[in-house]
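Asks: The residues making up each chain are set out below.
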Amino acid sequence: MGRLEGKVAIVTGSGRGIGKSIARLFIEEGAAVLINDLDEEAAQLTARELQAAGGKVSVVAGNPDGDVTNESSCLRIVEAAREDLGGLHILVNNAGTTLDRVIHKMDDRAWRFILDVNLKGTFLMTKAVYDYFKRQRYGKIVNMSSMAGLGSNIGQANYATSKSAVISFTKSVAIDLAPYNVCVNVLAPGIIDTRLTRAIPSEKWESVTQAIPMGLGRPEHVARVVLGLCSEDFDYVTGQLIVVSGGLII
Amino acid sequence: MKTGSGRFSGKTVLIVNAAGSIGLAAARLFHAESANVVMNDTRGEAIVQLAELLGDRAWATNLDLLDAEAGPRLVNSVVDRFGSVDILVCNEGSSYGGNMEGITAEVWSQVMERNLTTVFHALQGVYGQFRSRGRGSVVMVSSLAARTGCAGMIDYASSMGGVLGLMKSVSREWSRWGVTCSAVCPGPIAEGDQGLNSDLRSQYAQTQVELASRNVTAEEVAKVILFLASEDGRPINGQAINVDYGLHIYSF
Chain Z
0 MGRLEGKVAI VTGSGRGIGK SIARLFIEEG AAVLINDLDE EAAQLTAREL QAAGGKVSVV
60 AGNPDGDVTN ESSCLRIVEA AREDLGGLHI LVNNAGTTLD RVIHKMDDRA WRFILDVNLK
120 GTFLMTKAVY DYFKRQRYGK IVNMSSMAGL GSNIGQANYA TSKSAVISFT KSVAIDLAPY
180 NVCVNVLAPG IIDTRLTRAI PSEKWESVTQ AIPMGLGRPE HVARVVLGLC SEDFDYVTGQ
240 LIVVSGGLII
Chain B
0 MKTGSGRFSG KTVLIVNAAG SIGLAAARLF HAESANVVMN DTRGEAIVQL AELLGDRAWA
60 TNLDLLDAEA GPRLVNSVVD RFGSVDILVC NEGSSYGGNM EGITAEVWSQ VMERNLTTVF
120 HALQGVYGQF RSRGRGSVVM VSSLAARTGC AGMIDYASSM GGVLGLMKSV SREWSRWGVT
180 CSAVCPGPIA EGDQGLNSDL RSQYAQTQVE LASRNVTAEE VAKVILFLAS EDGRPINGQA
240 INVDYGLHIY SF
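Sequence lines, in order, name chains Z and B. Under numbering that gives the first Met the number 0, the letters of the first sequence match residues 0 to 249, in that order. Under numbering that gives the first Met the number 0, the letters of the second sequence match residues 0 to 251, in that order.
Only some residues are given here: those of chain B computed to face chain Z with a beta carbon under 7 Å:
#1 104
#2 111
#3 119
#4 122
#5 126
#6 145
#7 148
#8 150
#9 153
#10 160
#11 161
#12 165
#13 167
#14 168
#15 171
#16 172
Just so you know, these hints were derived from the structure itself, not from any lab. Bear in mind that the values here come from a model prediction, so they are computed numbers and not experimental data. All C-beta atoms in this analysis are idealised placements derived from N, C-alpha and C, irrespective of residue type, glycine included.
With these hints in hand, go ahead and build the complete structure from the sequences.
Replies: And the structure:
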């Protein structure tokens, strides 16, 4: 029997990368998964793959339906999970992106866009499940911070600000929801082989990846930790930051 | 006004979001240590009164830093008046919503704009000064709530966490040009307005303050800000310092 048998999960940004890997692993462990992505084609592709493997999925994707920065879209995503998949137990706030510029060259659009997607999106999705999880007296929320949320990087003031805020957000919500048996934790992945990190300039890529003691991370590395947090093994763990970086941060 | 050791003689300090209790305390102490002090805030009265009280070397301005162009405009006007900007202090923000039920999408965005985007614009404003002079100090006021989380002020705690990411970003990008950037994370302030309504303040007090021996004062926090901005504080860079009489130990 799978570790998430009978559970329903929303995984935002699950059209590709870490989110897709989480969705796949959740399906393998018996969960039904709502696939969400701003990129409709990527979301549908993920859904078809998982359905072909026997998974129960629903899709809310594209713009604006799949846009987590839009409050009514977030409410509809939650509604779709409950109606199409028969409940809701897990929310993984994985959707996120980068738009790198050094501070003095960063325009407001780049600043606000990243804060909206990475931070406000996490807030809005969390708010959308809040009452439901409270009344249910059960829920697992996993948020995605980043190594950059701990120490930043050159050119990532917007990203680092959003990702460090997600850590404080997680702790605050965890305090609030602990009496309701809802666990809220946050991951800080290191360098994982995804489209996002492949944006690192090629001349830097080798030195960056060679610095990782356990080698370049794969989406599955992160997905397995998310699975653990969402399983009953971690029912008594909340408000925690877990760094998944293959020894890059110790 | 009592005069200090003159540690900041010839330096100009720009304090943004200055009307909070820590901003006002920092303005007084920097001024007493011979600095030129510019206080910017759209929430007028307190900084205008303090500037009048301090007199010479103090100036209250009210540019709205939600506007990206206000950053450079503010810094240019300070340079016109005092010749330079040497230190930027970004004071604490406000909380509007409180718990999750109270935080609408609009409130969330307003808090992030007020507490984070204004700081971002202030940084863009001082960049040219700091870069061309090859020197500068930035001190940001975050909060212990950023590190411990705070259920009664989810919006505020999140924004203050963002301040820490922004602080480290400045440190990453500007250290090579001789600029240091650090932050203080005060515990609950004994006096003054943290933007909390009384319900939230008492909730925060009940859950956390009783564990510590006492509340920190705005002046005590300001003294640490002065240290970080001083010559002695230069080796401290990219760090967040808890100023809380040890309250953080109880929720590490």
